[in-house]
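S.K.: Sequence:
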Amino acid sequence: MDAPRATSRDVARLAGVAQSTVSYVLAGKGSISPATRERVLRAAEELHYRPNLAARAMRTRRTGRVAAVMGLPAYDPAAMLAGASAAAQAAGYAMDVLHVDGSVETRSERVLELARSGQFEGVLSFTPLLPAVQDHAPDGVPVAVSDTFDDDMHAAGELVDSSPVVTFVEHLAALGHTRFLHVAGPPEYASAVARRDAYLATVERLGLTSLGVVEGDWSGRAGLHAIRSLPEHAPPLAVIASNDLVAVGVMRGAAERGWSVPGDVSVTGWDNAAVGPYLTPSLTTVDTDRTEAGRRAMRQLVAALHAEPAPAGLPPLTTVVWRESTAPPAHRDARP
Numbered sequence: 412m413d414a415p416r417a418t419s420r421d422v423a424r425l426a427g428v429a430q431s432t433v434s435y436v437l438a439g440k441g442s443i444s445p446a447t448r449e450r451v452l453r454a455a456e457e458l459h460y461r462p463n464l465a466a467r468a469m470r471t472r473r474t475g476r477v478a479a480v481m482g483l484p485a486y487d488p489a490a491m492l493a494g495a496s497a498a499a500q501a502a503g504y505a506m507d508v509l510h511v512d513g514s515v516e517t518r519s520e521r522v523l524e525l526a527r528s529g530q531f532e533g534v535l536s537f538t539p540l541l542p543a544v545q546d547h548a549p550d551g552v553p554v555a556v557s558d559t560f561d562d563d564m565h566a567a568g569e570l571v572d573s574s575p576v577v578t579f580v581e582h583l584a585a586l587g588h589t590r591f592l593h594v595a596g597p598p599e600y601a602s603a604v605a606r607r608d609a610y611l612a613t614v615e616r617l618g619l620t621s622l623g624v625v626e627g628d629w630s631g632r633a634g635l636h637a638i639r640s641l642p643e644h645a646p647p648l649a650v651i652a653s654n655d656l657v658a659v660g661v662m663r664g665a666a667e668r669g670w671s672v673p674g675d676v677s678v679t680g681w682d683n684a685a686v687g688p689y690l691t692p693s694l695t696t697v698d699t700d701r702t703e704a705g706r707r708a709m710r711q712l713v714a715a716l717h718a719e720p721a722p723a724g725l726p727p728l729t730t731v732v733w734r735e736s737t738a739p740p741a742h743r744d745a746r747p
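The opening position of the sequence shown corresponds to residue 412 in our numbering, with each subsequent residue numbered one higher.
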């Protein structure tokens, strides 16, 4: 039997506010502080509260619907859309997902058509648009553009945060590593360029030795070939791989050459793939909270709907996950 459906009274109790405050927040009315509004929205999301949109539409002549517009991203956007949907629902909106492709001009025109259709109270675009779109949208129908993807639908914005690379290099250097290698992603990806630049800057700042940057294609093959190309005396070595699949290729290449991981070669990945904890050794990586990325993007639209500033000062979406593939080198390197 299904659990009882949460009510606005339940939301008020969890958020520690009056029931009328919940109604004001979800209706976008009243003078509610940003902190209180955030508390109510989080409570609604936690309880999976769903307001009666049909009744509200009849009462207010509002549709209660927002559109999330997505191009064809380089990876599965399910987690991001789930986060956006949860945030929309918590704010009292149903979210429709629509796909657009073509040039930035074509996408921009399609988004304007959606904004003018009268079907949606606001539009959230996960694909870049022309700057003029927001100026030409109808009054009262905001268009929010997330910086999650670039024009080629590669990761951008907060998803390009390269600070974990700095953390990797600094930590491994503190463990005693002095020689590093980076197996990078393709240069047309902003995320790959950001990670490469962070690697090079940190290695230089700490006075470490870089055996180079090997340009790859996000594949395990790239990691395998990078290790096969190294001289026999390369270890002890720390390899910063552009993603988990590349890291798996690095680990396979090390095994082929008789180098132990992490004794001879420490390895880091990126993406926190589901298989990572079950590798031998388990893979040190970076987890990116894509659900939270979607949630933040939708809250940007909700803030615009309520004529409020978007949330600021939020923590990073990335977290370093330390596992067994990184450790002090088994033998200290006396080379400069």
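Mixed in with the good hints there might be a few duds.
[What the hints assert, rightly or not] Beta-carbon label-pair distances, calculated as ranges:
(1) 543 <-> 618: 28 to 38 Å
(2) 688 <-> 577: 50 to 60 Å
(3) 621 <-> 669: 53 to 63 Å
(4) 427 <-> 724: 20 to 30 Å
(5) 617 <-> 720: 13 to 23 Å
(6) 722 <-> 621: 16 to 26 Å
(7) 442 <-> 618: 53 to 63 Å
(8) 623 <-> 585: 33 to 43 Å
(9) 668 <-> 725: 23 to 33 Å
Derived from the structure by calculation, the hints contain no laboratory data.
Source: prediction; values computed, not measured.
A virtual CB, placed ideally from N, CA and C, is assigned to each residue, including glycine.
S.K.: Run every hint past the structure and note whether it holds.
M.R.: The hints, checked one at a time:
{"no.": "1", "hint": "543 <-> 618: 28 to 38 Å", "result": "49 Å, violated"}
{"no.": "2", "hint": "688 <-> 577: 50 to 60 Å", "result": "24 Å, violated"}
{"no.": "3", "hint": "621 <-> 669: 53 to 63 Å", "result": "23 Å, violated"}
{"no.": "4", "hint": "427 <-> 724: 20 to 30 Å", "result": "22 Å, holds"}
{"no.": "5", "hint": "617 <-> 720: 13 to 23 Å", "result": "39 Å, violated"}
{"no.": "6", "hint": "722 <-> 621: 16 to 26 Å", "result": "38 Å, violated"}
{"no.": "7", "hint": "442 <-> 618: 53 to 63 Å", "result": "56 Å, holds"}
{"no.": "8", "hint": "623 <-> 585: 33 to 43 Å", "result": "22 Å, violated"}
{"no.": "9", "hint": "668 <-> 725: 23 to 33 Å", "result": "43 Å, violated"}
Checked against the numbered hints given earlier, the structure breaks hints 1, 2, 3, 5, 6, 8, 9 and satisfies all the rest.
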